[in-house]
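Chain A is already provided as a structure; the job is to place chains B and C on it using the hints.
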Amino acid sequence: MEMNSTMSLHFHPRLLRALFGREFRAALINRYFQVFCALGLMGGIAAAVFGEDSNATAVFYVQIAIYFVSLFALLAGVGSAQAEREEWQLLFTQPLPRAWCVLGKFCALLCMFGGVLLVMFVPGLFAGSSIHALGQLYLETLLLAAIFLACGLAAGYFAHDRAQALIVGMSVWLLLLFGLDLVALFAARWSAIQNVPDFWVALLMFNPLDSFRINALFSLQQIPAEAANKTALAGWWIAHSGVWFVAVAVFWSVMLVILSGLRLQRWEE
Amino acid sequence: MKADCLRIARLWRTGDSESFRESRTFLKTRQSSQDVETPGKSSSRQYAETSTLQACAPRIIATLFFVTTCAGAATIQQRIDAAAPNETIRIESGVHPGSIVISKPVTLLGEPGAEIRGNGSGNVVTIAADNVTLRGLRITGSGLQLSDDDAAVFVVANNATIENCTIADSLHGIYLKKVSGAQILNNQIQGKTSVAQAPAENMTAGKPSLLEIEKGVGQGAENCDTTVVANRRGNGIHQWNCERNLIRGNEISDARDGIYFSFTNNSRVENNLIRHVRYGLHYMYSDANIFENNTFTENAAGAAIMFSKNMVVRGNRFVSNRGYRAYGLIFQSSDNSRLEQNDISENAVGLSFNQCNQNEVVGNRVTRNYIGLRFGSNSDANRFTENIFTGNLHPIETGASDVSGSLWAVHGVGNLWDTEVELDLDRDGVVDVPHRELDLFGILRRDFPAIAFLSESPAVKLLRFANERAVIPGISSIEDPAPLTSRFWRIRAQRAGTSAVANK
Amino acid sequence: MISAQNIVKSYGGKSVLRGISLCADPKQITLMVGPNGAGKSTTIKVLAGLIRPDSGTAHLNGFDVVRRRIATQASTAYLPQRPSFHPKLTCLEILRFYAGLRGVPFSRCEAMLELIGLSDAARVRTEKLSGGMRQLLGVAFLLLADAPVLLLDEPGLSLDPGWRKWLQQKLRFEAERGKIVLVTTHLIAEWNDVADRCLLCRDGIIERELDPRNLPDDFDEVESGCDALVAKGELSPPRATTRLQQPFGLRNKDSVGDDGVAATWK
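Residue numbers (this note's numbering), protein chains in the order written: chain A, 1 to 269; chain B, 1 to 504; chain C, 1 to 266.
The reader is advised that the hints may include incorrect statements.
[As the list claims (entries may be wrong)] Computed beta-carbon distance windows for the label pairs:
{"no.": "1", "chain 1": "A", "residue 1": "Phe206", "chain 2": "B", "residue 2": "Asn310", "range": "47 to 57 Å"}
{"no.": "2", "chain 1": "B", "residue 1": "Val501", "chain 2": "A", "residue 2": "His240", "range": "50 to 60 Å"}
{"no.": "3", "chain 1": "A", "residue 1": "Gly135", "chain 2": "C", "residue 2": "Arg177", "range": "55 to 65 Å"}
{"no.": "4", "chain 1": "A", "residue 1": "Leu174", "chain 2": "C", "residue 2": "Phe173", "range": "50 to 60 Å"}
Rather than coming from a laboratory, the hints here were simulated on the basis of the structure.
Note that the Cβ used here is the ideal one computed from N, Cα and C, for glycine as well.
Isolated chain A, as found in the complex:
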């Protein structure tokens, strides 16, 4: 009987409704989020206007996703986690699992990003891009946003204050964007690494930004990939870059959300 009442507390839809409502409300009045929406729309229009053809438009969107969407998703995650840092002692005395707070926040933010990205991608349709290609790119960009949202939330929950969270989050973003590839570039000059190309490729495969970029390059831009297709793993990656990116995105998002949940579970005042 007790267990039943506890379970019903765990899964009552009103909890999700309350968490979603709060996140939507907080995001709606968040200046950074408003700026993100505006920039997203401007980026979408710019992609449609300045993209010389549908392919160029897609490339433009890829650049926006890599540099802009990833960063804003990360900042949104950090900001959202830190915004209620002081409120945890109220929030965590409420009868709901703490992990729900993370999950609800993640889902709500992802929904909002879904909406903003939709606004961003719609102008591309007017530039002559096919709805199929844009739809695919939209979903992939959303997945990229999910990873960085989860990353931002984790940074926000693990850090002690907003400044520390921002430093950690930005460091992770810079590492994924530039750092790992720079290391890979210099490591590629060592014969020891050259003898194990699959290992080197595997390291890139697990970087969500690399995974997104390769998928965009070889499937969306139609650039010949045969020259890179020299090992079994490389060939598999190029042939299944879309599937792999989805897998990487789900893996990282779920893992980071779980980590955040565990962090909250162990948090003590």
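What follows is chains B and C alone, placed relative to chain A:
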């Protein structure tokens, strides 16, 4: 008869004029004796009726129908032989047996559905007289011996015109040998991609099967790995030792090389579409030719221009030649030529320059290639201006070559590159600071092909950006002193319009 | 009913709770007093489910606060020392969020704001509230769910005397409705003659009970009173092993209860 034709063809190819005259006389004698035979009793016909009767029933019935209805009518060869010079011979709809030799200036005008079908050996139509015209014919069934240069249309006389013909099921499409003034216009040439199996195997399962001698060129992932098989095909249009020919509006597919040039000068190649072949253009030792508005797409190795000079390559499209080691356009050991307004996109290597000197490379669009520009050794005094090098995974590959011998801007106008910052304060469409295009991966491309996965990486862009501000030592780069902005052409057009108005 | 036995909690080797045992009954206001650093807030956070004890057990209405945290929190309302809220949300949005979590009708949010006199500030962002108003919003949050257990950590620190009085009366009212009310404070004089019981918490244990109707003005008075009792032989410290350094000294080891609850004082 077949052996005789082969012998004559060989004699023609040797260029021995005395033997050639003898052979023509000999051939005429044999043709006359063949006229006594009914076509249905020829050796090939007998074979078809006895060996593949059931399987080939529809085709055989059609052929028999034609033969029956035409029984008593003269063959094409007879009609040619009987024709007066410059006479037009109408070829009726239906299959007409080859091989034929045209030894007087006549026009063969095919009615819709007219086909000249060879017997699978030697040439189908041999043009041995000047001023011959073939128009509106379907020509099929040449021999398949590469060593004999078997072709659907074999031209050894000047001023031949081959127009609106369809050529299929043959080794070479049109073979031009030591001719001038030929006009090859609006033909469709499809190479032979399969060959019938031996009769015993052919009858398995009650119907003839075709042995695929190779997959379609351009469709494989590693197209060059199929070259052994592709080498068994002939070329779409083959020219050797020719002058002043015009090749226009042809569509060539599934051949070995689309258009083959060797020792051929002062010719024009315009508005052709070449796809699904090995080399779209295979071009050597030929000077002063003009290539204009052709499309070379989905070929194994794109176009190769080698050991030649004084060419104009203008307005062509070299697109989607995507095999490993495939090129949009290879320029090898060729000098004093002008490459202008070509679109070189989505190739494994867009434009390759090696040992080329004093060429003008103007206004080409080299985009979305795996390697945009490969610049090899010993290339000097080339002038690159107004080209667009954007969207390439690796914009340039220089290896260890010295690229400083070429000019990357002419009269203060460089090229458009992917650049992070376009500083153009005077708004003339020319960036105010030089652009250094970095060959970051260098020899890693060969030693460690997986490095390609870092293409377009933000890290690589960061290094390129840094290199634009300050040279990174030890890494080869091209320096364009006057890189263009994407607005350059618009600004120039506006200024040209303004000055035209002022002049008025 | 709240019952806690031998709750121990350390942070980095420093013991904060050294075996707290207490009980609080319904229809009563139980006061836990003690100087700063005595462990009052930690104790109440353990009961609220914010801190997991190193050892010991605590039950609220029969549920273990560690093992059945969600169930205990469903019947608990906790007011922290300095309640903080999402700075960008308004008072009403804050209350509605918690009402949504608890399944409380939204109409109760407006009623709560009216109760604490913040109706006018219903649509003001919490970052713009003064300390006192924030404390009042905390009180509204406390009362919102009408939970049967009310845990208050140093309530009314930022409130003016009028509102403190109001809060005490409100808590008395809630207790009389059958609720368990546990309040920690170091301002003992403020709570004189308000509570039904008063537990003295010092150095991580409940040392003894004080008379809730005759509370001293400050802890110096408590200590001097203790010394007098010790001199007369009427006082024995509750825990011999842990009280050696304390001013009360060691008199009667047997007075320590087996259940760990401090000895009752006259």
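Okay, the hints, checked on the actual structure:
1. For the pair Phe206 (chain A) and Asn310 (chain B), the supplied restraint of 47 to 57 Å holds, since their beta-carbon distance comes to about 54 Å.
2. Between Val501 (chain B) and His240 (chain A) the CB atoms are about 58 Å apart, so this pair conforms to the stated range of 50 to 60 Å.
3. As the Cβ distance of Gly135 (chain A) to Arg177 (chain C) is approximately 58 Å, the hint placing it in 55 to 65 Å holds.
4. The hint said 50 to 60 Å for the Cβ distance between Leu174 (chain A) and Phe173 (chain C), and at roughly 57 Å that hint holds.
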